[in-house]
Amino acid sequence: MRILPYLFICLLALHGAVSSDSESQEDDDDYEEQDRPDQLVCGTSWNCTCTKEEDPTVICDHARLKDSDTRLGTTYIGFPKDYKPKIVHMKDCDIKKLEKDRIVPSVAKQLVELDLSSNSIDYIGKDAFKGMDHLAILRLSHNNIKKLHRNTFHDDLGFKLHRLFLDYNDIENLPENAFEGLKELKMLVLDGNVFTQKLNKKMFAGLSNLETLSLDYCGLDHDSLPFDAFDELINLKALSLRGNKFEKVPAAVNSINHLEILDMSKTKVAEFGERSLKSDHKIKKLIMTDLPYMYFISNCAFCDLKNLERAIAFRSERICFAVERHKRGTNVFLCPWLICPTGQNIHFL
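As numbered in mature numbering (1 follows the signal peptide of the UniProt record, and there is no 0), residues -19 to -1, 1 to 330 make up the sequence shown, in order.
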């Protein structure tokens, strides 16, 4: 009869194991039953935040396992069945590659914003963004992307994608038609990619709705930016060429008659005359600050820019200068808020 207590204890242990498995199964049942994702991030050991506001948002920036230095390392993450985030941020998660059907697959079709900045991404597979036909903002800044190919950005992105950030990667060449499917793109940021290949208009083919293009610190000069480089960008309104090697306003800029905002700060521009910008330009705002070689601005450099409004500022070792246009006319004055290298304050004329 002594065996009965031992038998009773064994039955209790077995019941506990079954209960534990059942609870674990219930937890798993809260998540999508499709291909099991690498990581479940809401209410788990990952220090991610999952909000349930009007636009449900998942913030996994710098995600680590609790009490650990282990980083997320994947975009193949899952969420509870009743949770459909529209915005997902995964900055600085040690993500290295992007592959088809492995970027938040359970919510790919609902996603409107995806931030994968500051990772180690050096590979984007064919059709990696397939199915993301509601995505409006895609951030891939500060990664190790070296190459784009014609299938990098799937045509599904063309339905809604308005803003694309590829700044500060290692892209040296832009293949022709790389952005062809992005019909609704309004803003493209390519800063900090030092291009070794001459830009040409076919690289921007299909971007007929693009309004803002930023090419800051791309190592561009007059040879690498031909006059027709922006011919495909028929709706371009804002262009930034800050930090490049131009010694004058490039001919390609003068080919964009509808341009409204131009930034050529921190370039090698040395003088600005009556013909630096074509008289039929629609320029409203011209930004040319921190120009170390600037020494001359013609008295009538801005006379024919009829749409010019304000905020034109120059600063160099030789000159501090600004222009503001009002309904009453154009005011030309020295910059009162700048201090010349000699330490002397510059006042209004």
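Fair warning: there could be bad hints in the mix.
[To be verified] Quick list of simulated restraints, FRET-style, between CB atoms:
hint: 1; residue 1: Gln178; residue 2: Ser26; range: 44 to 52 Å
hint: 2; residue 1: Lys62; residue 2: Ser189; range: 17 to 25 Å
hint: 3; residue 1: Ala251; residue 2: Asn216; range: 29 to 37 Å
hint: 4; residue 1: Lys62; residue 2: Phe140; range: 40 to 48 Å
hint: 5; residue 1: Phe208; residue 2: Ser49; range: 25 to 33 Å
hint: 6; residue 1: Asp271; residue 2: Pro61; range: 28 to 36 Å
hint: 7; residue 1: His239; residue 2: Gly24; range: 32 to 40 Å
hint: 8; residue 1: Asn125; residue 2: Gln178; range: 13 to 21 Å
hint: 9; residue 1: Arg52; residue 2: Glu255; range: 22 to 30 Å
hint: 10; residue 1: Lys183; residue 2: Phe277; range: 32 to 40 Å
hint: 11; residue 1: Met168; residue 2: Lys78; range: 39 to 47 Å
hint: 12; residue 1: Asp103; residue 2: Glu290; range: 39 to 47 Å
hint: 13; residue 1: Pro61; residue 2: Lys107; range: 43 to 51 Å
hint: 14; residue 1: Asp48; residue 2: Gln178; range: 18 to 26 Å
No lab work stands behind these hints, which were simulated from the structure alone. The structure presented is a predicted model; accordingly, all values stated were derived computationally and were not measured. Don't be surprised by glycine CBs; every beta carbon is placed ideally from N, CA and C.
Using the C-beta atoms of aspartate 48 and glutamine 178, is the stated range 18 to 26 Å upheld?
48 Å, violated
Verify the CB-CB distance for aspartate 103 and glutamate 290 against the hinted window 39 to 47 Å.
The hinted range 39 to 47 Å holds for aspartate 103 and glutamate 290, with Cβ atoms some 43 Å apart.
39 to 47 Å as the expected CB spacing between lysine 78 and methionine 168, which holds or is violated
25 Å, violated
Is 32 to 40 Å right for how far apart the beta carbons of lysine 183 and phenylalanine 277 are?
With a Cβ separation near 37 Å, lysine 183 and phenylalanine 277 satisfy 32 to 40 Å, so the hint holds.
For the range 13 to 21 Å, tell me whether the beta carbons of asparagine 125 and glutamine 178 fit it or not.
The hint (13 to 21 Å, Cβ to Cβ) holds, given that asparagine 125 and glutamine 178 are roughly 19 Å apart.
Does 43 to 51 Å hold as the CB distance between proline 61 and lysine 107, or does it fail?
31 Å, violated
Do the Cβ positions of alanine 251 and asparagine 216 conform to the proposed distance bound of 29 to 37 Å?
For alanine 251 and asparagine 216 the Cβ distance comes to about 32 Å; the hint holds.
Taking the beta carbons of glutamine 178 and serine 26, is their distance inside 44 to 52 Å?
46 Å, holds
Determine whether the Cβ-Cβ distance between lysine 62 and serine 189 falls within the hinted range of 17 to 25 Å.
41 Å, violated
Using the Cβ atoms, figure out if histidine 239 sits within 32 to 40 Å of glycine 24.
51 Å, violated
Does the Cβ-Cβ separation between arginine 52 and glutamate 255 fall within 22 to 30 Å?
57 Å, violated
So does aspartate 271 sit 28 to 36 Å from proline 61, Cβ to Cβ?
51 Å, violated
The structure does not agree with the numbered hints 2, 4, 5, 6, 7, 9, 11, 13 and 14 stated previously, though it agrees with the rest.
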